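**Q** Starting from the known structure of chain A, fit chain B with the ligands onto it as the hints suggest.
First to last, the protein sequences are chains A and B. By this note's numbering, the letter at position 621 of the first sequence is numbered 626, and the numbering carries on one by one without gaps. By this note's numbering, the letter at position 65 of the second sequence is numbered 70, and the numbering carries on one by one without gaps.
Incorrect hints may have been included.
[Said to hold, decoys possible] Derived list of chain A stretches under chain B, where covered just means 3 residues or more per stretch with a C-beta under 8 Å from a C-beta of chain B:
1) 35-43
2) 63-76
3) 266-273
4) 302-315
5) 396-406
6) 558-567
[Unchecked claim] Reference listing, derived: stretches of chain B covered by chain A, where coverage requires no fewer than 3 residues with Cβ under 8 Å from a Cβ of chain A:
7) 117-130
8) 187-195
9) 205-216
In short, the hints are calculated from the structure, not lab data. Since the model is a prediction, treat every value here as computed from it, not as a measurement. C-beta: ideal position from N, C-alpha, C; glycine also.
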Amino acid sequence: MRIAFIGNPNVGKSALVNAIAGTRLHVGNWPGVTVEKKEATFTFEGEEVKLVDLPGTYSLSSYSIEERVTRDYLLNERPDVVIDVVDATHLERNLFLTLQLLELGIPVVLALNVWDEAKERGIEIDTEALAGILDVAVVPTVATSGEGVGALLPTARRMAAERPATVAEYNQACRDAAAAERPHVAHYGPLVDPEVRLLGEALHRDAAEVVERVPCRWLAVKLLEGDEGTQALLDGAATTLLKQVGEQRRRIEALAGDDPATLISDGRYGFSKGVVAEVIRQRPIDRRDLTELIDRVVLHRWLGIPIFFAMLWFVFHTTFDGAQPFVDFINQVITGPVERWFLVGLTAIGAPDWVASLVSEGVIGGAGFVLTFVPILFFLYLFMGILEGSGYMARAAFVMDRFFHAIGLHGKSFIPMILGFGCNVPAVYATRSLDSYRDRVLTSLLIPLMSCSARLPVYAVFVAAFFVDQRGTVIFSLYLLGILLAVGMGFIFKRSLFRGDAPVFVMELPPYRFPTLRSLMLYVWEKLRSFVRKAGTYILATSVVIWFFLNLPWGVQNPADSYFGKVAGGVAPIFAPVGFGSWQATGALLTGVIAKEVVVSTMGEIYTPEPEAATAPPEVAEEIAQIGRGFVVACRDSVVAVLAGLHLFPAPEQQPPPSALAKRMRTAFTPLTAIAFMVFVLTYIPCVVTMAAMGQELGWRWTAFAAAYLLTLGWSLAFLTYQGGRLLGFA
Amino acid sequence: MKTTRDIETLFHEAEIAPTAQRRVIAQAIRDNTGHPDAETIYHLARQIDPHLGIATVYRTLKLFAEKGLVDRHDFGDGRARYEVAPESHHDHLICVRCGKVVEFARDRIEELQLEVAREEGFELLDHRMELYGLCSECRGTRPRILTVAEAAADGESSVRNLAQLVPGEAGRIVRVGGADKLRQRLQSMGLVVGETIVVERVAPLGDPISIRVKGTSLALRHQEAESIVVEVAGEGGSGA
Ligand SMILES: Nc1nc2c(ncn2[C@@H]2O[C@H](COP(=O)(O)OP(=O)(O)OP(=O)(O)O)[C@@H](O)[C@H]2O)c(=O)[nH]1
Ligand SMILES: [Mg+2]
Numbered sequence: 006m007r008i009a010f011i012g013n014p015n016v017g018k019s020a021l022v023n024a025i026a027g028t029r030l031h032v033g034n035w036p037g038v039t040v041e042k043k044e045a046t047f048t049f050e051g052e053e054v055k056l057v058d059l060p061g062t063y064s065l066s067s068y069s070i071e072e073r074v075t076r077d078y079l080l081n082e083r084p085d086v087v088i089d090v091v092d093a094t095h096l097e098r099n100l101f102l103t104l105q106l107l108e109l110g111i112p113v114v115l116a117l118n119v120w121d122e123a124k125e126r127g128i129e130i131d132t133e134a135l136a137g138i139l140d141v142a143v144v145p146t147v148a149t150s151g152e153g154v155g156a157l158l159p160t161a162r163r164m165a166a167e168r169p170a171t172v173a174e175y176n177q178a179c180r181d182a183a184a185a186e187r188p189h190v191a192h193y194g195p196l197v198d199p200e201v202r203l204l205g206e207a208l209h210r211d212a213a214e215v216v217e218r219v220p221c222r223w224l225a226v227k228l229l230e231g232d233e234g235t236q237a238l239l240d241g242a243a244t245t246l247l248k249q250v251g252e253q254r255r256r257i258e259a260l261a262g263d264d265p266a267t268l269i270s271d272g273r274y275g276f277s278k279g280v281v282a283e284v285i286r287q288r289p290i291d292r293r294d295l296t297e298l299i300d301r302v303v304l305h306r307w308l309g310i311p312i313f314f315a316m317l318w319f320v321f322h323t324t325f326d327g328a329q330p331f332v333d334f335i336n337q338v339i340t341g342p343v344e345r346w347f348l349v350g351l352t353a354i355g356a357p358d359w360v361a362s363l364v365s366e367g368v369i370g371g372a373g374f375v376l377t378f379v380p381i382l383f384f385l386y387l388f389m390g391i392l393e394g395s396g397y398m399a400r401a402a403f404v405m406d407r408f409f410h411a412i413g414l415h416g417k418s419f420i421p422m423i424l425g426f427g428c429n430v431p432a433v434y435a436t437r438s439l440d441s442y443r444d445r446v447l448t449s450l451l452i453p454l455m456s457c458s459a460r461l462p463v464y465a466v467f468v469a470a471f472f473v474d475q476r477g478t479v480i481f482s483l484y485l486l487g488i489l490l491a492v493g494m495g496f497i498f499k500r501s502l503f504r505g506d507a508p509v510f511v512m513e514l515p516p517y518r519f520p521t522l523r524s525l526m527l528y529v530w531e532k533l534r535s536f537v538r539k540a541g542t543y544i545l546a547t548s549v550v551i552w553f554f555l556n557l558p559w560g561v562q563n564p565a566d567s568y569f570g571k572v573a574g575g576v577a578p579i580f581a582p583v584g585f586g587s588w589q590a591t592g593a594l595l596t597g598v599i600a601k602e603v604v605v606s607t608m609g610e611i612y613t614p615e616p617e618a619a620t621a622p623p624e625v626a627e628e629i630a631q632i633g634r635g636f637v638v639a640c641r642d643s644v645v646a647v648l649a650g651l652h653l654f655p656a657p658e659q660q661p662p663p664s665a666l667a668k669r670m671r672t673a674f675t676p677l678t679a680i681a682f683m684v685f686v687l688t689y690i691p692c693v694v695t696m697a698a699m700g701q702e703l704g705w706r707w708t709a710f711a712a713a714y715l716l717t718l719g720w721s722l723a724f725l726t727y728q729g730g731r732l733l734g735f736a
Numbered sequence: 006m007k008t009t010r011d012i013e014t015l016f017h018e019a020e021i022a023p024t025a026q027r028r029v030i031a032q033a034i035r036d037n038t039g040h041p042d043a044e045t046i047y048h049l050a051r052q053i054d055p056h057l058g059i060a061t062v063y064r065t066l067k068l069f070a071e072k073g074l075v076d077r078h079d080f081g082d083g084r085a086r087y088e089v090a091p092e093s094h095h096d097h098l099i100c101v102r103c104g105k106v107v108e109f110a111r112d113r114i115e116e117l118q119l120e121v122a123r124e125e126g127f128e129l130l131d132h133r134m135e136l137y138g139l140c141s142e143c144r145g146t147r148p149r150i151l152t153v154a155e156a157a158a159d160g161e162s163s164v165r166n167l168a169q170l171v172p173g174e175a176g177r178i179v180r181v182g183g184a185d186k187l188r189q190r191l192q193s194m195g196l197v198v199g200e201t202i203v204v205e206r207v208a209p210l211g212d213p214i215s216i217r218v219k220g221t222s223l224a225l226r227h228q229e230a231e232s233i234v235v236e237v238a239g240e241g242g243s244g245a
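Chain A with its partners taken away, still in its complex shape (with noise of 0.2 Å):
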């Protein structure tokens, strides 16, 4: 059995798949979370069971790619049986797209999700009467608690036993029906319903193997609408069926003095009002509520833009000044227990030295080292959660968008460039929700821009090394050059490359919530999850090859002479005009194109600390003991470095002394240097993950020229940067 999950954006389709299933589908405060069709199959009572869960739309027309997925899937897959999934303190809107849904005759179930905000906000459904009415079943839902959920199911299992509709008795009942005896059907009064009928006869007649796959009755309305995506469908009788369609739309037009598609948008939005007339008890009391109040504050006229800033400063500082205790925490175990635990136990099993150097310097310098991070994307993810659960996400597109506007861009836009801060290949994806292709090229073209969270472990890097006591504001500085820049080439790219019409913008602000710890801890743990397989695997691949390029031909002394050694030199002169044209620099650069943490693993392997002269290992009790006290010791720390970093009380004096790593940074750059690097890194290809997402959404001609223009703008500003900076004095 397959049950699609239909329903407005933001309605918690994907939340409610994650209820049933047990899934961990992306769910979020904000419309257009979910872009691509997504399924889970499972077991129920013995019978498998897809669930195929799908991008939110308000109507079943194609402007935007995710709006035109839903749709296709309905038609070309026809589920058994339709979950559609409405927001019960918005019944009225919702309606519109259910009458929809009911006009291609597939069973329908009606799950009224957000019934427990109906209940706060005092809104009685009458769900008997509601199903009478529509003919369907309704179940009310909370899909965040996981009440009511239970009965999805059976009952969609039931609705598809009861009613098997193929299209073809789909079709047959439509005609034999007298239209006016089913009070489900909505109508779109004396002007169109004829002409619906009149077309439908038309389709039987010349579209007759259309109206076997397509249910006549919605294609008939869709076509009458003036749905550009629909008339896609008729393939070979569309001249004539066209031409028939063109001149009623003109007949109906001229007697109406209005289009036909308003005409039927008013006929569904009277029948819903008609439905909600009856079957809600209570109106609802639009009562001025904590979302009203909050918006008072951060969307301000004065306030809004202050409180955006002020609010990424907070997150970047807090996630680098908290994390930092537990990244030197876990760089002490790795490097200091876990890797002397490692090599006793390679000793123990005989096997050679170059084993022991291959662990020791590819996969725990390289690998193991990008791990340490894990503690700074914990804190960047859970702000991230917070920010995409809460639904200041919209609020961002809504105070940003006059920006945008400027680009040629709308505010939406903006959404997919925060989830940028996060990854850029999601980003990538998110732009689905924008309408129009030229959007999403624009939009795509500046999401690399947007320091992603694998870049955060090259600035922790050089930051340690060179910046300890401006971290945050070093890297705030940098994320804030990134939307800057973004700016700035959208502005070049809007004058140059998209000259046209700004796209249209509207845009619904969900109501706020509070997360829920579980369901941010889970959005937490994936993210982590799929860091931490990114570093077992090809991170781990990318190190140890790194590290036999790096000692090769077999024994080469000087890694300089080794094959990296000579491929990084041969490129490095590129990169001497912006200061950082050694072979190392220039090598974790190459490599970084893989993925950004790589630039930090293959740091890691080339900048290898001197062997501190070796201390007897302690015992490995009193080591695990060590342990235990380095992470209390890390909490404590990391809550004295976040307030202090928020100036609620002075910082404390001692700073913990430099690793080895950092020691051996300062003599390979100079402060100015590190930032030159920085910013390249910030600017040049993400990397390769990216930009296969690229090719995959816009093709690859846009793809190439985003890696072009990439890393022309990384070399140039890098090469402003240096050149600028000894202009002005600083070494």
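**A** For chain B with the ligands alone, kept in the frame of chain A given last:
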């Protein structure tokens, strides 16, 4: 040409058991001077008996039509219209814009019809004639206000476009304009004629604005707001 027969007689003639609910519905149809559709009947009947459900109305109407107590007309608007079966025959003029139905009877037409049937060798059992067009009231008027400028020309001082409203002001939508794509998007999000909207606030940089409609907040730009024509209702809050 409304029947004056009382409801008891009607039920008796049609052989229908006169339950309380049926009486209410029959009365609603009889008292209406036009050709009400099921929904209208439902609303009329509810004024007499507020507990009546729409399903009951549909069921009862079906029964009435089967038993010949009422005539069911299909004037092509997809809604069946009902009238208590008249004792004498008449034809209908139907306005396609406002749905008004005018009854008429002309002996000459009836005669002509019989003549045609005779010539074709038809034995007439029943007939209906329905003429569609614009009624006298709809003929002269413009269908709807098209733009703010036109409204101004008509002297409608309370009509503005949405972008002209300030936060706190409310208005009733009288027209949703703009390109097809935009208009349909707006409509699918609840911005339809007759709906009341309140302007909530303007974004810090002056654009976009956020409005409240059908219980949700929507953000849209001035550019889009300009294509929505509203009739100013007054200060917000009352609009909700
Ligand atoms: N109070 C309450 N919140 C809910 C309920 N169901 C979902 N939510 C919240 O509503 C928001 C949207 O949920 P999603 O599951 O992402 O919605 P969606 O329909 O998949 O949205 P799109 O993918 O954007 O179309 C999230 O913040 C959920 O936590 C519910 O029953 N009650
Ligand atoms: Mg979703």
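**Q** The region 35-43 of chain A covered by chain B? Criterion: 3 or more residues, Cβ-Cβ distance below 8 Å.
**A** violated (count 0)
**Q** Count residues of the region 187-195 of chain B with a Cβ under 8 Å from any Cβ of chain A, then say if the count reaches three.
**A** Contact hint for the region 187-195 of chain B vs chain A: holds, 9 residues under 8 Å.
**Q** Taking 8 Å as the Cβ threshold, is the statement that the region 302-315 of chain A is covered by chain B upheld or broken by the three-residue rule?
**A** holds (count 7)
**Q** Are there three or more residues in the region 558-567 of chain A whose C-beta lies within less than 8 Å of some C-beta in chain B?
**A** This one is violated; 0 residues, fewer than the three required, reach chain B with a Cβ under 8 Å.
**Q** Using C-beta distances, would you say chain A covers the region 117-130 of chain B, given that this needs three or more residues below 8 Å?
**A** Since 0 is below three, the answer is violated.
**Q** Test coverage of the region 205-216 of chain B by chain A using CB-CB distances below 8 Å; three residues minimum.
**A** Three-residue rule met by the region 205-216 of chain B, so holds; n is 10.
**Q** Okay, the region 396-406 of chain A and chain B, do three or more residues pass the C-beta test at under 8 Å?
**A** holds (count 5)
**Q** Are there three or more residues in the region 266-273 of chain A whose C-beta lies within less than 8 Å of some C-beta in chain B?
**A** Since three or more residues must qualify, the claim that chain B covers the region 266-273 of chain A holds, with 4 doing so at under 8 Å.
**Q** For the region 63-76 of chain A, count the residues whose Cβ lies under 8 Å from any Cβ of chain B; is that count three or more?
**A** With 4 residues closer than 8 Å to chain B, the region 63-76 of chain A meets the three-residue bar; holds.
Checked against the numbered hints listed earlier, the structure breaks hints 1, 6 and 7; every other hint is satisfied.
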